[in-house]
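**Q** Given chain A, work out where chain B should sit, using these hints.
Listed in order, the protein sequences are those of chains A and B.
According to numbering that gives the first Met the number 0, the first sequence is numbered sequentially starting from 0.
According to numbering that gives the first Met the number 0, the second sequence is numbered sequentially starting from 0.
Any given hint could turn out to be false.
Below, simulated SDA-like cross-link-like pairs (lysine to any residue); rule was C-alpha separation at most 20 angstroms, straight line [claimed, not checked]: (1) B/K212 <-> A/W22; (2) B/K62 <-> A/R153; (3) B/K212 <-> B/C159.
No lab work stands behind these hints, which were simulated from the structure alone.
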Amino acid sequence: MNDHRHFGSSPDPGNKYAKLASWLQEVLQSPPPLKEQSAPAAEQENQLELLLDSHYHLHFYQQLPDFVMALLTNDPTATTRYAPLLYHLAGCSECHHGYLDLYDAMSAAIHAQEPRPLLGQGTRSLAATPQRMLGHLCQALISQAEAVQLQARRDHSDDDAAARSLLQLALTISARITQSGIRRPALRDLVRVATLREGTETTKGDSSALYTYTPALSGAGGARGRKTVRRADMPTRPVEQEPPIIHLQARALEGTISQQGETLELHLQDLGPELRGRYVTISVPLGALIEPVRWIGGNPRAIRSAVPVDANGQLTTPLGETALRLSDPEERNLLEAMFMLLEVRPAS
Amino acid sequence: MPFTAHDLRYHAEESYPLLYAYLHRNAQRFLGTLKYDAFEVDTVIGHVVEQLVRLGLFGAGDKTPPTALDHLTDAQFYAFLSRSVRNKAIDRLRKRRLQVNTFTELEAPEDENREDNPLDEAVAPPWGAPPFSTPEEITLHLASQRELRNLLKHCILLLCAAPHQLEAVIQELKEMGADELLQSVIADLELSLPSSTAPSQHMSQHKDHAHKKLRHCLQQQSTNLTVMIALRLTEYTKLSTDSKVYSVAIQTLAQDDLSEGDVRTGLNELATEGLLDWHNEDTVNLTAAQLKRLARYYREE
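Excised from the complex, chain A in its bound form (with noise of 0.2 angstroms):
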């Protein structure tokens, strides 16, 4: 029995069945595998996908605008310089796909003919950016942070900077989106990837921790008019009387973070009892991402609560100081995102 899968293999190039077979194995070529999908079904329908995911070969692809260059120039030495991408281009479909782009639009770059083009209208503000863009590049960003420590981790070396600084535009960005339904997926990975170096799962939560808040994203000026958008789990509150606070929940616990002057304080109630009459420990693990904050004692990973929690399970406790103003709704994003994940475990 012959066994070819593959219907488009044909020995003769000049095969008069080719077509025909290509377009059999298109039928029948496999799906690309399936992307893992947390997003709710109607928040990906109006989400732009990435086209490559952090794991794309950084490496090679961020030396193919010099290699096309040098393929343009007729430099000689380029096909030795460049030996290495070369072969990777043989075998890697993606970086090839990459290649074949740049080389296209550098030599149509190279032998510019058309007039230069009119610049200076359309949009000057990211306000009046679309928020599918602005979320698709947040997306982007925090893949491309992965990505930059995935390749310095396989290089051996530091490159945190590089991540870091991409991870902050993602962060500052995503303050500008004000719908809370494009603003959660586009900040999805971003505490997964800004904890990827230390090696911890603090997506999952610290083992040690008894209870992982995140926020319930809200924005202003949300669909339809509104102010705000909840969860559909969240009770509901009359928006009309929405104060300038962060709403967090872990499971069915429920805490805020509201400001007191430049102090911001949070709320927690219905702590479990082996916490009450106990100082705890709280972590803000995306705290030291940008620097707005003063924390108390300085650490975002280990604030100590100044009073122990009372015998009903309530706890209010200053984090730090800031200039950031809740009642600014830019300001709150940003905020709201550096607090997508706060963890709380008795203080040793």
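**A** Quick look at chain B alone, frame taken from chain A:
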């Protein structure tokens, strides 16, 4: 106020709106009939933006070394962006299978530089199969191709119960120039080729359904053991009530015509090819993604 590659590298936040506006104009220009489809426009823009991020230009500051893109003149850089948008727009148009008149206008008069591109010509060989080592292998292969064409024809003919799907496939055969098969199908069905090729509004959907039926039919017609097992897995597995796993017992797969040993051989083959996670257990468990891949599995006899 124009932006430059330098701005994108060092002042990403401020430059992004300008970049977006420039890419948006170009995307609309090149997307033809799709230019009012906001999702398509944003997809094209997103592709170029992501490429700039992946190349270590956008927002990278001093963290990545400058590349040839940083050394382009402003005009060259805009031309680069414009061409990148154009290529992605064409890609999207192709994916939507739209016949647009503007397509030919988008092509460069003569792309003489193409011949400088050594890897363009090398697209096929690295992924193509190695040549056949003996004349017997070639003969066998050609014979099986003929059989395969007959099988394919049989399956296409079955589509006559769904005229729109049949039309979609005939249209595809026509576009790809598979004349012999096309004429044979036409003759058997006593059809005449439609004179106009105006695409139906739901042609893409019809085509997808037709492809699904063709795959299923081809699997049903196959006597290859591994294909038979793949087909049975897609037909007999049941979703567990308490998980997202699809399960089936080996005995169920065996039926009357296959022994349990045959089934295990087929399953082994599928597991070797990475289509299953099966280690000789009495029950086969599958994920939805694995089932989807199995539905597309095929081997020539």
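**Q** Now look at each hint and say whether the structure bears it out.
**A** Going through the hints against the structure:
Our distance criterion of 20 angstroms between C-alpha atoms is met by B/K212 and A/W22, whose separation comes to about 15 angstroms. Between B/K62 and A/R153, the direct Cα distance comes to roughly 18 angstroms. Compliance with the 20 angstroms bound is thereby established for this hinted pair. For the given pair, B/K212 sits about 12 angstroms from B/C159 by alpha-carbon distance, which is consistent with the 20 angstroms threshold.
When held up to the earlier numbered hints, the structure conflicts with none and fits them all.
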